[in-house]
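Enquirer: Between the sequences and the hints, there should be enough to build the whole structure, so can you do that?
In order, the protein sequence lines correspond to chains A and B.
Residue numbers for the first sequence follow this note's numbering, beginning at 8 and rising by one.
Residue numbers for the second sequence follow this note's numbering, beginning at 9 and rising by one.
Derived by calculation from the structure, the hints in this document are not laboratory data.
Remember, it's a predicted structure, so these values are computed and weren't measured experimentally.
Mixed in with the good hints, there may be bad ones.
In silico lysine to any residue, SDA-like type, Cα no more than 20 Å apart, as pairs [unchecked claim]:
1) A:K42 - B:K297
2) A:K278 - B:G159
3) A:K135 - B:T257
4) A:K278 - A:K42
5) B:K297 - A:S131
6) A:K278 - B:T257
7) A:K278 - B:P316
8) A:K278 - A:G232
9) A:K278 - B:L261
10) A:K278 - B:D160
11) A:K135 - B:E312
12) B:K15 - B:W345
13) A:K42 - A:G232
14) B:K297 - A:S125
15) A:K278 - B:H152
16) A:K278 - B:G154
17) A:K278 - B:A48
18) B:K15 - B:H152
19) A:K278 - A:Y295
20) A:K278 - B:L133
21) A:K135 - B:P316
22) A:K278 - A:Q235
23) A:K42 - A:S206
24) A:K278 - B:E151
25) A:K42 - B:I331
26) A:K42 - A:W264
27) A:K42 - B:L133
28) A:K278 - B:E312
29) B:K297 - A:A194
30) B:K297 - A:I129
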Amino acid sequence: MNIVYVIEDSLTGLMTGGVYALIAVGIVFVFRATKVFNFAHGTVMMIGAYFYYTITVVLGDLGLGTWAIYVLGVPLTLLVSALFGAAIERIVMRPMLGQNPFAMIMVTIGLISVLEGSAAVIWSTNAKFPPALVGLNIDFVAGMAINRQMLASFLIAGIVFAAITVLFLKSKAGVAIRATASDQSTAYAMGINVPRVFSVTWMVAAGTGALAGVLLAPLNSLTPGLGQVGLSVIAVVILGGLDSVIGVLLAAFIVGWLEAMANHFLGGDFKEVVPYAVVLLIILIRPYGLLGTRDVERV
Amino acid sequence: MLIGDYKATYAADEAIFRSWPVRYGFAAMVAGLVLLPFAANSFIVFLATQVAIYTVAITGLNILTGYTGLISLGHGALVGVGAYATAILANWLGVPFWVVIPMAVAVTAGVGLMFGLPSLRIRGLYLTIATLAASFIIVFVIEHWGSVTNGDSGITLAPASVFGIDLVSDPQKYALIVPIAVLAVLFAQNLFRTRIGRAFIAIRDSDYSAEIIGVGLTRYKLLAFGLGSAYAGLAGSLWAYNFLALLPTQFELQLSIIFLAALVVGGSARTLGPVFGAVFVILIPEMLKWVFGFLTPFNPTIVEYTAPANTIAYGLLIIVFMIFEPMGLAAIWTRIWRYINLWPFSP
Chain A
8 MNIVYVIEDS LTGLMTGGVY ALIAVGIVFV FRATKVFNFA HGTVMMIGAY
58 FYYTITVVLG DLGLGTWAIY VLGVPLTLLV SALFGAAIER IVMRPMLGQN
108 PFAMIMVTIG LISVLEGSAA VIWSTNAKFP PALVGLNIDF VAGMAINRQM
158 LASFLIAGIV FAAITVLFLK SKAGVAIRAT ASDQSTAYAM GINVPRVFSV
208 TWMVAAGTGA LAGVLLAPLN SLTPGLGQVG LSVIAVVILG GLDSVIGVLL
258 AAFIVGWLEA MANHFLGGDF KEVVPYAVVL LIILIRPYGL LGTRDVERV
Chain B
9 MLIGDYKATY AADEAIFRSW PVRYGFAAMV AGLVLLPFAA NSFIVFLATQ
59 VAIYTVAITG LNILTGYTGL ISLGHGALVG VGAYATAILA NWLGVPFWVV
109 IPMAVAVTAG VGLMFGLPSL RIRGLYLTIA TLAASFIIVF VIEHWGSVTN
159 GDSGITLAPA SVFGIDLVSD PQKYALIVPI AVLAVLFAQN LFRTRIGRAF
209 IAIRDSDYSA EIIGVGLTRY KLLAFGLGSA YAGLAGSLWA YNFLALLPTQ
259 FELQLSIIFL AALVVGGSAR TLGPVFGAVF VILIPEMLKW VFGFLTPFNP
309 TIVEYTAPAN TIAYGLLIIV FMIFEPMGLA AIWTRIWRYI NLWPFSP
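Expert: Here it is, written out as structure tokens:
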């Protein structure tokens, strides 16, 4: 066993963790504002990646160069995905406003099936290979192979994550979201447009999700199954504490690293179950996560 | 016209079949089930058997999700545990099915409890996530514990045999599976006339209040989880004896979602809910196949869309019923009966 490979895999794991954080922040955002745990977030991300794929194909058909992917492709993807998120909120979640959490959870579970099936109908189940934002080259640093796209993903995810966090803490919309999260009816009474807050959180979640999809899809391939990543990111959310943004960042690195280590020492298949084993452990010993608020209801 | 539902005796209030339409309706249903294999072709008998298996599984989910209010995303995987336990025990021990089935049920209840245990003291969401994790871990174990489960290539078992006759044809399997399913549904119906069932409902409606009036929450939630898992195990056992060959991929998350869809569509917290739901989710693929068969002459490639179309249909059903008719088909059924009862003064 070579220690260099362990370090190399650790770095890969941490970089994947950055993207996980980007996915997880969407779940946390929606949960904080609307008290809905969105099981379908991964599939929303997958749809975002397909939007990106379609847009790049169209741009290619128009004969525009690679520059168009950066200037038009990514912004368009984010815009379309955000609108898509708003549409889901308006059509599916809005009628459920004020219902019990049971009904809300069931609806997001239903969404998983609808979105996955729709992706298979529209784009077929064959693997697609959308262009990577950065070449898929591998650089060697101190004898360790670093995947450029991964590094770039990590950096982009980090920047966006930081931006979202700052917005959440400082901007007017962020204050409105936090006000809605802490008390819906009081927020209403104080003149906050609560349905719009819901709309905005879904747009942000779908947008960040789509960005994660854009970063993830070129690394392996794009199939309707990409949404499954969203389910393993639930581990990140639970470990971080359902409502803590910083906790999620920490947890994303931990889960990413654990996955890479499982991959290194036990083999690739074991990587898939790591997040779920983590989930069970966390629920057993620390249900409020690393940095979550301690008001887990025990009955 | 039936004006009210007045009970004159305690016996009438406690009866399993509370009114004559229910009693005769049940008798008619049993008669129909007995006559079905003689009247229908073997494909319909096969579908009916599958409906029976799904009904058992969904009744288990109904106990857990519908009556006790704990959403499970691992029910499909637990059915897989039951099916695999059946196949493995039957192959290893070579004992008859009436010994294997209770053993498989016990194994599944044990596995279910193991995953439910950590989350039972915490409410709602965490249990759903724990069962989701359970779903992935169970399928992973089945796929990778090759020496026992035969891994990805699946497992086969010998057919159940009664008095030396192997049950291989569809009517024979129907004769084994459907009576067990009917008994299982009756047991569930009876359960909610007892202290335990009432405790489950109390927990669902308000767990704090339930605790205050003396329902031991941990104990009863555990019991609900064990019972739900046992039903999943029974369904898995019957599944194994019906198909005689199992693949790990059959029991992935998709199956759990189908069960939830069936429960929502049929009507949760109703005895008839799982029955309606099972019929519905079994018929959907058949109806879609029929529609696509009709469309194939116009567009030969449309057949490729059958599987995704099924997936979409299940998801849409959950969403549409959750928004427009959260009590499901069972509620519509009740409404129709009420309309007939009140005629000619129906609203």
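Enquirer: Would you mind marking each hint as holding or not holding in the structure?
Expert: Structure-based check of all given hints:
1. Straight-line distance between C-alpha atoms of A:K42 and B:K297 comes to about 39 Å, which puts the hinted pair past the 20 Å bound.
2. This hinted pair checks out: A:K278 and B:G159 have alpha carbons roughly 18 Å apart, not beyond 20 Å.
3. Under the criterion of a C-alpha separation no larger than 20 Å, the hint pairing A:K135 with B:T257 is inconsistent with the structure, at around 23 Å.
4. Proximity of A:K278 to A:K42 is assessed by CA-CA distance (about 30 Å); at most 20 Å being required, the pair is judged violated.
5. Note on B:K297 and A:S131: the hinted pairing holds, with a Cα-Cα distance of about 18 Å set against a maximum of 20 Å.
6. Distance restraint check for A:K278 and B:T257: the Cα-Cα separation of roughly 18 Å lies within the 20 Å cut-off, and the hinted pair is therefore satisfied.
7. Of the supplied pair hints, the one linking A:K278 and B:P316 is violated, its CA atoms being roughly 27 Å apart against a limit of 20 Å.
8. At most 20 Å may separate the alpha-carbon atoms for a hinted pair to count; A:K278 and A:G232 meet this at roughly 16 Å.
9. With a C-alpha separation of about 18 Å, the suggested pairing of A:K278 with B:L261 holds against the 20 Å cut-off.
10. Annotation: proposed proximity of A:K278 to B:D160 holds, straight-line Cα distance about 18 Å (limit 20 Å).
11. For a cut-off of 20 Å, the pair hint linking A:K135 to B:E312 stands: about 17 Å separates their Cα positions.
12. At most 20 Å may separate the alpha-carbon atoms for a hinted pair to count; B:K15 and B:W345 meet this at roughly 19 Å.
13. About 26 Å separates the Cα atoms of A:K42 and A:G232, which puts this hinted pair outside 20 Å; it is violated.
14. For the hint pairing B:K297 with A:S125, the CA-to-CA distance comes to about 17 Å; that is within 20 Å, so the pair holds.
15. Among the hinted pairs, A:K278 with B:H152 is consistent with the structure: their alpha-carbon atoms are about 13 Å apart, no more than 20 Å.
16. Restraint check for A:K278 and B:G154: satisfied, since their Cα atoms lie roughly 18 Å apart, inside the 20 Å limit.
17. Straight-line distance between C-alpha atoms of A:K278 and B:A48 comes to about 49 Å, which puts the hinted pair past the 20 Å bound.
18. A hinted pair counts as satisfied when its Cα atoms are at most 20 Å apart, and B:K15 with B:H152 does not qualify at roughly 57 Å.
19. The suggested pairing of A:K278 with A:Y295 is violated, with an alpha-carbon distance near 24 Å, which exceeds 20 Å.
20. About 24 Å separates the Cα atoms of A:K278 and B:L133, which puts this hinted pair outside 20 Å; it is violated.
21. With a CA separation close to 17 Å, the supplied pair A:K135 and B:P316 stays within the 20 Å bound.
22. Among the hinted pairs, A:K278 with A:Q235 is consistent with the structure: their alpha-carbon atoms are about 13 Å apart, no more than 20 Å.
23. Under the criterion of a C-alpha separation no larger than 20 Å, the hint pairing A:K42 with A:S206 is consistent with the structure, at around 13 Å.
24. A hinted pair counts as satisfied when its Cα atoms are at most 20 Å apart, and A:K278 with B:E151 qualifies at roughly 14 Å.
25. Taking the CA atoms of A:K42 and B:I331, the gap is about 18 Å. The hint holds against a cut of 20 Å.
26. Between A:K42 and A:W264 the alpha-carbon distance is near 29 Å, which puts this suggested pair outside the 20 Å criterion.
27. In summary, the hint linking A:K42 to B:L133 is supported, as the alpha carbons are separated by about 11 Å, within the 20 Å threshold.
28. With a C-alpha separation of about 31 Å, the suggested pairing of A:K278 with B:E312 is violated against the 20 Å cut-off.
29. Restraint check for B:K297 and A:A194: not satisfied, since their Cα atoms lie roughly 50 Å apart, outside the 20 Å limit.
30. Restraint check for B:K297 and A:I129: satisfied, since their Cα atoms lie roughly 19 Å apart, inside the 20 Å limit.
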